[in-house]
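**Q** Chains as they are written, first to last, in my numbering: chain A, 1 to 308; chain B, 1 to 274.
The hints are simulated quantities; they were obtained by calculation from the structure and are not laboratory data. Idealized CB from N, CA, C, for every residue including glycine.
Here are some of the chain B residues that sit facing chain A, going by a computed Cβ distance under 10 Å: (1) 10; (2) 45; (3) 90; (4) 92; (5) 145; (6) 235; (7) 257.
Label pairs and their computed distance ranges (CB to CB): (8) 224(A) x 69(B): 46 to 54 Å; (9) 301(A) x 80(B): 33 to 41 Å; (10) 60(B) x 201(A): 53 to 61 Å; (11) 261(B) x 211(A): 31 to 39 Å; (12) 186(B) x 156(A): 53 to 61 Å.
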Amino acid sequence: MRTRGIIMAPSLKPNSRRAIRRESVVGWMFAVPALAMYGLFVLLPFLMSVQYSFFRWDGIGAMKWVGFRNYETVFEVPVLFESIINAFKLVGFFSIIPVALGLVVASVMHRVAAGRFGGVARTVLFLPQIIPLVAAGIIWGWILALPGLINEILRSIGLGSWTKAWLGDFDWALPAVGMIGIWVLLGFCTVLLATAIAKIDPGLFESARIDGSNWLQEFFSITVPLLRQEIGVCLTVTIIAALSAFDIVYVSTGGGPGNATAVPGIQIYILAFTEQRIGPASALAVLLMVLVILVILPIQRLTREDAS
Amino acid sequence: MKISQKEILTGRVLLIGLMFGTLLPFISIFTTALFPSNTIPTGFGWPEQPQWGNFVEAFQVSNMMALLTSSSFIVLAVVPVALLISTMAAFAIGQLRIPGSGFLLVLFVFGLTLPFGGIIVPLYYLERFMGIYNTRLAIVLPLIALYMPFAVFWMRAHFVGVSPEISEAAKVDGASTWQLFWGIHLPLARAPLASLGILMAVWTWNQFLLALVLVEDPAQRTMAGALGAFQGHYATNVPLLCAGTVLILIPTLVVFVVFQRQIIAALLQGAVKG
Chain A
1 MRTRGIIMAP
11 SLKPNSRRAI
21 RRESVVGWMF
31 AVPALAMYGL
41 FVLLPFLMSV
51 QYSFFRWDGI
61 GAMKWVGFRN
71 YETVFEVPVL
81 FESIINAFKL
91 VGFFSIIPVA
101 LGLVVASVMH
111 RVAAGRFGGV
121 ARTVLFLPQI
131 IPLVAAGIIW
141 GWILALPGLI
151 NEILRSIGLG
161 SWTKAWLGDF
171 DWALPAVGMI
181 GIWVLLGFCT
191 VLLATAIAKI
201 DPGLFESARI
211 DGSNWLQEFF
221 SITVPLLRQE
231 IGVCLTVTII
241 AALSAFDIVY
251 VSTGGGPGNA
261 TAVPGIQIYI
271 LAFTEQRIGP
281 ASALAVLLMV
291 LVILVILPIQ
301 RLTREDAS
Chain B
1 MKISQKEILT
11 GRVLLIGLMF
21 GTLLPFISIF
31 TTALFPSNTI
41 PTGFGWPEQP
51 QWGNFVEAFQ
61 VSNMMALLTS
71 SSFIVLAVVP
81 VALLISTMAA
91 FAIGQLRIPG
101 SGFLLVLFVF
111 GLTLPFGGII
121 VPLYYLERFM
131 GIYNTRLAIV
141 LPLIALYMPF
151 AVFWMRAHFV
161 GVSPEISEAA
171 KVDGASTWQL
181 FWGIHLPLAR
191 APLASLGILM
201 AVWTWNQFLL
211 ALVLVEDPAQ
221 RTMAGALGAF
231 QGHYATNVPL
241 LCAGTVLILI
251 PTLVVFVVFQ
261 RQIIAALLQG
271 AVKG
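Using the sequences plus the hints, can you model the full thing?
**A** Following this line, the structure appears as structure tokens:
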């Protein structure tokens with residue numbers, strides 16, 4: 001598989017070794033522009049983040065080596081450590097609920113909505129995925145406000161006592177932000193899983209239905225096990241979205257009330273750009289990147305072991 | 001098929017309910033945008049006198065023409081360059097199979113897990129140092145770079161599937177590597193290139209964090225970045241804020257409706273491959 005075409009080419013001449021060397025130099029020239037951009041604007045900043053995380057720096061003056069002090073700060077200052085906890089709470093809303101609900105909806109879609117109706121449903125459910133997250137934040141910022149849609153609905157069904165400014169409530173702000181995440185990500189998961197269900201051998205479903213399986217049996221014996229890899233993909237994408245959330249939170253709550261919805265992305269922004277504390281900001285950034293990899297790797301392992 | 005009518009009915013009712021729930025927020029900001037400016041609209045309902053003029057006002061106060069121009073400029077600067085250099089690299093890795101391609105691929109794939117927030121702080125100081133902070137290049141250059149992991153990975157998947165015999169035949173005919181790339185392989189890659197281009201255009205249009213941190217002037221930002229600034233100014237004028245949001249959503253929604261098949265397919269494949 002990996003042999004290079006040129007070696008097997010019939011025009012092998014005595015000076016072929018030099019030709020091959022020339023060949024690979026030319027080949028590398030093709031990779032250089034992408035590598036240079038990636039190196040300069042992604043890998044270099046990544047290494048700089050690691051470097052900054054070991055210094056005390058206000059962005060202007062001299063940098064002072066402090067060892068692991070900034071990491072200790074992240075773990076000791078409640079506000080910073082809680083931002084990591086909040087990120088994991090968001091995983092429940094951005095990831096677990098959309099994937100679980102998406103599985104159910106996709107399998108319902110497969111049973112009852114083949115054809116055009118299913119097509120329309122996919123398009124509509126996918127809509128929140130393509131608008132800017134900032135717009136999603138603004139839209140829901142209004143819907144969850146005191147005079148907004150949610151409270152209006154509650155009042156109209158006689159639950160007027162439940163109304164509140166959802167995003168301004170210490171207990172409800174985080175679930176409310178999570179609700180925005182569900183709205184954005186449910187369609188993505190549903191459509192991805194529905195596409196995968198459509199690829200399952202229809203004979204499997206047919207024989208199950210001839211045996212009179214109901215929806216629930218079909219769901220747990222066919223759909224879920226055969227979609228393991230796609231479930232892994234959904235989890236990976238949505239968990240990255242949850243842990244690195246910024247846009248929605250920044251626009252809808254700014255991390256408040258207090259620090260009820262502050263996530264690492266918000267704290268990095270505040271530490272670096274309003275408090276000029278580059279060291280702790282970078283330590284939090286490095287921890288965030290490590291966390292993402294630590295969470296993603298086992299999921300990839302678990303859901304892809306068959307494929308390898 | 002042994003699906004009962006009752007189940008079909010319940011299933012469809014559930015789906016229609018879900019679709020309605022998805023659309024409701026869009027409907028709500030649209031109707032809210034029609035309430036008189038600077039009033040507090042009362043939740044869900046059609047205003048007695050719809051103020052269509054709100055859209056005109058939002059168009060003017062948000063400086064929409066400048067925003068559209070700026071965002072289009074950024075998209076037009078990012079997408080072609082990112083397409084070209086990522087495809088070249090993917091060609092080298094997947095088709096030429098240069099020595100070290102395995103390492104290169106791993107290096108690029110590493111970038112797929114990096115949250116933008118993880119590198120935004122050094123990026124800010126790097127760009128100040130380079131003197132491009134607060135220009136459109138401050139968004140364009142890092143975006144091109146940040147798309148490389150996904151774009152290279154995506155195009156490599158295409159090139160791995162193309163038989164190397166095509167390259168060999170062309171080489172026997174004396175084609176240079178560049179001619180091989182430009183004349184033969186690029187036209188063959190039209191479909192994955194189109195999907196990738198659409199995806200990167202949407203992502204660029206919607207990019208917020210880079211615009212927020214790296215460009216102070218909203219008129220030089222992406223659409224999403226400008227929307228953030230607009231919200232800051234008109235947070236208390238709900239109808240006008242909603243009108244502005246609707247205006248900013250329209251181009252995205254139009255593009256989505258026109259290219260929905262490609263966009264959905266591209267986003268899904270992208271996720272599965274990634």
